[in-house]
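Given the structure of chain A, go ahead and fit chain B onto it with the hints provided.
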Amino acid sequence: MNKVKIKRSILAHLIPGFTSLTKKGPSGWMVILGLVIVLALVVMTAIGPWIAPHDPVWYMSPKIRAPPSPEFPMGTNHLGQDMLSRILVGGSIMLQVAALSVLVCFLIGVPLGLFSSYVGGLFDSTLSLVIDAVYAFPGLVIAIAIAAMLGSGVINMALSISVVYIPSYFRIVRSQVLSIKELTYVEAAKATGAKWHTVLSRYIFPNVIPSIVVVATINFADAILTAAGLTFIGLGVTYDIPDWGWDLKNGWSYLASRAWWIITFPGLMIILLALGFTLIGEGLSELQNPKLQR
Amino acid sequence: MGLRSYIVTRILLTIPTLLLLLSMVFLVMRVLPGDPVALHFEKKAEPWQLENMRRKLGLDKPLWAQYADYIFGLIDINYVLAYGYPNLGKSMQTYEEVGGQIFSAFPATLELAIYSMIIASVMGILLGVVASKSYNSILDHLIRGFGTVTYAVPIFFLGIIFQLVFGVFLRWLPTGGRISSSVEPPTGLTIILSMPSGGFIYNFLLSSIAGLAISAICIALLKVKRVKFRFKGFAISLAVFIIAWVVYAYVSWYFVLKGTLQIATGLYTIDSLLEANPVKFVESVKALLLPSLTLGIILSGIFVRLTRTNMLETLRLDFVTAAKARGLKESTVTYGYALRNAFLPILTMLGLQFAMLLSGAILTETTFSWPGLGRYIYQRISFRDYTAIQGAVVMFGLFVTLVSLVVDILYAYFDPRIRL
Numbered sequence: 001m002n003k004v005k006i007k008r009s010i011l012a013h014l015i016p017g018f019t020s021l022t023k024k025g026p027s028g029w030m031v032i033l034g035l036v037i038v039l040a041l042v043v044m045t046a047i048g049p050w051i052a053p054h055d056p057v058w059y060m061s062p063k064i065r066a067p068p069s070p071e072f073p074m075g076t077n078h079l080g081q082d083m084l085s086r087i088l089v090g091g092s093i094m095l096q097v098a099a100l101s102v103l104v105c106f107l108i109g110v111p112l113g114l115f116s117s118y119v120g121g122l123f124d125s126t127l128s129l130v131i132d133a134v135y136a137f138p139g140l141v142i143a144i145a146i147a148a149m150l151g152s153g154v155i156n157m158a159l160s161i162s163v164v165y166i167p168s169y170f171r172i173v174r175s176q177v178l179s180i181k182e183l184t185y186v187e188a189a190k191a192t193g194a195k196w197h198t199v200l201s202r203y204i205f206p207n208v209i210p211s212i213v214v215v216a217t218i219n220f221a222d223a224i225l226t227a228a229g230l231t232f233i234g235l236g237v238t239y240d241i242p243d244w245g246w247d248l249k250n251g252w253s254y255l256a257s258r259a260w261w262i263i264t265f266p267g268l269m270i271i272l273l274a275l276g277f278t279l280i281g282e283g284l285s286e287l288q289n290p291k292l293q294r
Numbered sequence: 001m002g003l004r005s006y007i008v009t010r011i012l013l014t015i016p017t018l019l020l021l022l023s024m025v026f027l028v029m030r031v032l033p034g035d036p037v038a039l040h041f042e043k044k045a046e047p048w049q050l051e052n053m054r055r056k057l058g059l060d061k062p063l064w065a066q067y068a069d070y071i072f073g074l075i076d077i078n079y080v081l082a083y084g085y086p087n088l089g090k091s092m093q094t095y096e097e098v099g100g101q102i103f104s105a106f107p108a109t110l111e112l113a114i115y116s117m118i119i120a121s122v123m124g125i126l127l128g129v130v131a132s133k134s135y136n137s138i139l140d141h142l143i144r145g146f147g148t149v150t151y152a153v154p155i156f157f158l159g160i161i162f163q164l165v166f167g168v169f170l171r172w173l174p175t176g177g178r179i180s181s182s183v184e185p186p187t188g189l190t191i192i193l194s195m196p197s198g199g200f201i202y203n204f205l206l207s208s209i210a211g212l213a214i215s216a217i218c219i220a221l222l223k224v225k226r227v228k229f230r231f232k233g234f235a236i237s238l239a240v241f242i243i244a245w246v247v248y249a250y251v252s253w254y255f256v257l258k259g260t261l262q263i264a265t266g267l268y269t270i271d272s273l274l275e276a277n278p279v280k281f282v283e284s285v286k287a288l289l290l291p292s293l294t295l296g297i298i299l300s301g302i303f304v305r306l307t308r309t310n311m312l313e314t315l316r317l318d319f320v321t322a323a324k325a326r327g328l329k330e331s332t333v334t335y336g337y338a339l340r341n342a343f344l345p346i347l348t349m350l351g352l353q354f355a356m357l358l359s360g361a362i363l364t365e366t367t368f369s370w371p372g373l374g375r376y377i378y379q380r381i382s383f384r385d386y387t388a389i390q391g392a393v394v395m396f397g398l399f400v401t402l403v404s405l406v407v408d409i410l411y412a413y414f415d416p417r418i419r420l
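Line by line, the protein sequences are chains A and B.
Numbering-wise (my numbering), the first sequence opens with residue 1 and increments by one.
Numbering-wise (my numbering), the second sequence opens with residue 1 and increments by one.
One thing to keep in mind: the hints can contain errors.
Claimed, not checked - Covered stretches of chain A (chain B as the covering partner; in silico rule of three or more C-beta atoms under 8 Å from a C-beta of chain B): (1) 136-149; (2) 245-257.
As the list claims (entries may be wrong) - Estimated spans, in silico, between C-beta atoms of each pair: (3) A:S69 with B:L126: 29 to 35 Å; (4) B:I263 with A:L33: 54 to 60 Å; (5) B:G145 with A:Y185: 36 to 42 Å; (6) B:I77 with A:A46: 55 to 61 Å; (7) A:S253 with B:T265: 32 to 38 Å; (8) A:F123 with B:L13: 28 to 34 Å.
Said to hold, decoys possible - To give an idea of the interface, some chain B residues facing chain A are shown, with a C-beta separation under 10 Å as derived from the structure: (9) Q66; (10) L173; (11) A392.
If you're looking for bench data, these hints aren't it; they were derived computationally from the structure.
Being a predicted model, the structure only gives us computed values, none of them experimental.
Cβ coordinates follow ideal geometry from the N, Cα and C atoms, glycine included.
Chain A extracted, bound-state conformation (with noise of 0.2 Å):
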């Protein structure tokens, strides 16, 4: 009985009905407004090869630096690329980047704090020193380090972007099960003789999971900020992949034109993109943390 009230929790707030997040107030209107935003980019961006106008690396107008125009409404590159058409198929590194890091940092950081704080101990504090020191540490030049000695690609991006928030997790469910642990369900639950295995994923997980989709959410808007710092300091993808961020650092190297059009557009993508992603995060933990609301 007890179990499918949990399970039907989790649900509430991780497939929300429109209907019942509205009812919530500004909270539930954050997080419908971050779903619709992450939604449309993410569609715009799968769909954009097909939509687009031109080919966005391969297609180069004579017209270099034009500025917005009826025939480039977005305008053109210092290589005369359609900048629109750039922008409609830009997200999806940045988007595989993100997925990717978060999924990295849950499957490494969620367990590993289950686990960690269930056992207790010195092997608990021992890990509890190193993540720290982690997680005290400036994040981008963790990121930069480990980047510059992987290489580029999406896949190194998203391993030291990773080895960044594995921290967060870490901490986050450690601190939410050190005090779970202690709750007489639990006991209970040890008491009939169940296995630790079976405590820690069927009795402690899923009252855990809430802390971790507003942790991954956030975590997703971070990831998007790092890829794209990484891009700018010249750790990201090459010039052949359309990306947001390789546009935006390529807008400031001609500054001095006052081409604003190369730089501003791809930039309000990334912040669209983040936004959404902060709503959807700071939304989620209104809802569940009613004090931080008012």
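Then chain B, alone, in the frame of chain A:
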């Protein structure tokens, strides 16, 4: 646990944390797949060239020996005394000492960090207070929206927009550098010292006067602190007298031989003031304005959110109502009573935000060609200079560890509950 034992424990705990950090950096740079030497040449070198570089940088030794070189190099006091900075290895590009390059880049990062932290905290706390006072009004929602949006804006994008608007279109402010190229960088206060006419005896007497003066200050301080001036106070002031005498004599002797005394902080805004050069001061402020605003605005969002929630909680407490009931001014209640009590969590955040500040500084420095550590890393990446990157990462680690130590101690000082 008293404050003193808390501080000692905290300092002792820093050692394993530092060692861990250093080991992790080593792990990333040496043990991860990817040979730095091969990567440096991008597969365009003869084997003998690779061997040559490995030998010069000590990368031909076994891994444990490299690790020992790296750790013992960092704590080599003789090296620090000889060069003035720790041994962080040699650059792959120029074979110069990385430590020297990093330490000359460091003040620029420090200056940017200090000013943007001031902007972020002042702006964030003020906006947060305003939002909490006008709770649930349009102003409140606007300020909250600002807090959310700053979280999603890539810092370099804001910087580029600032450059575009204020540098390229309006031409009000420079788009890069620490100071305009038409002006020499400020050198700080230079005092020219001449040999004292009286020679050794005169100098000796002068330093004893200096010692007396300092111990007089010390006695006054002891009086204020109400230390019993029987034995303890006497011993302390005698010790201070002797130390001040010796130090003054040594320092004056050293600088008189050298001829000049240079007082410089490396922060251009302060050095130009020390130099009493208004032109340089204005130029350095103009160059600093856009980068520190960029970083400050992005960081202020977190302060807004934190101040707002903490103030909302505090404003509902009984002592605030009591203060209002006594007829105190609205601003006194808000800033004197409520904000002071909401301040502790904000202080902790200030410490935690420091790592984020440095991450942001890398991107801001790159955007504005600000010659600090972040730009150093950016340039070294394009040269594929892995030893230099490693040195800079280590430097960041040392800096962050030191700052979090100071913040923790400050926090324990302000909030006695932490020491329990």
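Hints, verified against the model:
no., hint, result
1, 136-149, "holds (count 12)"
2, 245-257, "holds (count 5)"
3, A:S69 with B:L126: 29 to 35 Å, "violated (43 Å)"
4, B:I263 with A:L33: 54 to 60 Å, "holds (55 Å)"
5, B:G145 with A:Y185: 36 to 42 Å, "holds (41 Å)"
6, B:I77 with A:A46: 55 to 61 Å, "holds (60 Å)"
7, A:S253 with B:T265: 32 to 38 Å, "holds (33 Å)"
8, A:F123 with B:L13: 28 to 34 Å, "violated (18 Å)"
9, Q66, "violated (15 Å)"
10, L173, "violated (14 Å)"
11, A392, "holds (8 Å)"
The structure does not agree with the numbered hints 3, 8, 9 and 10 stated previously, though it agrees with the rest.
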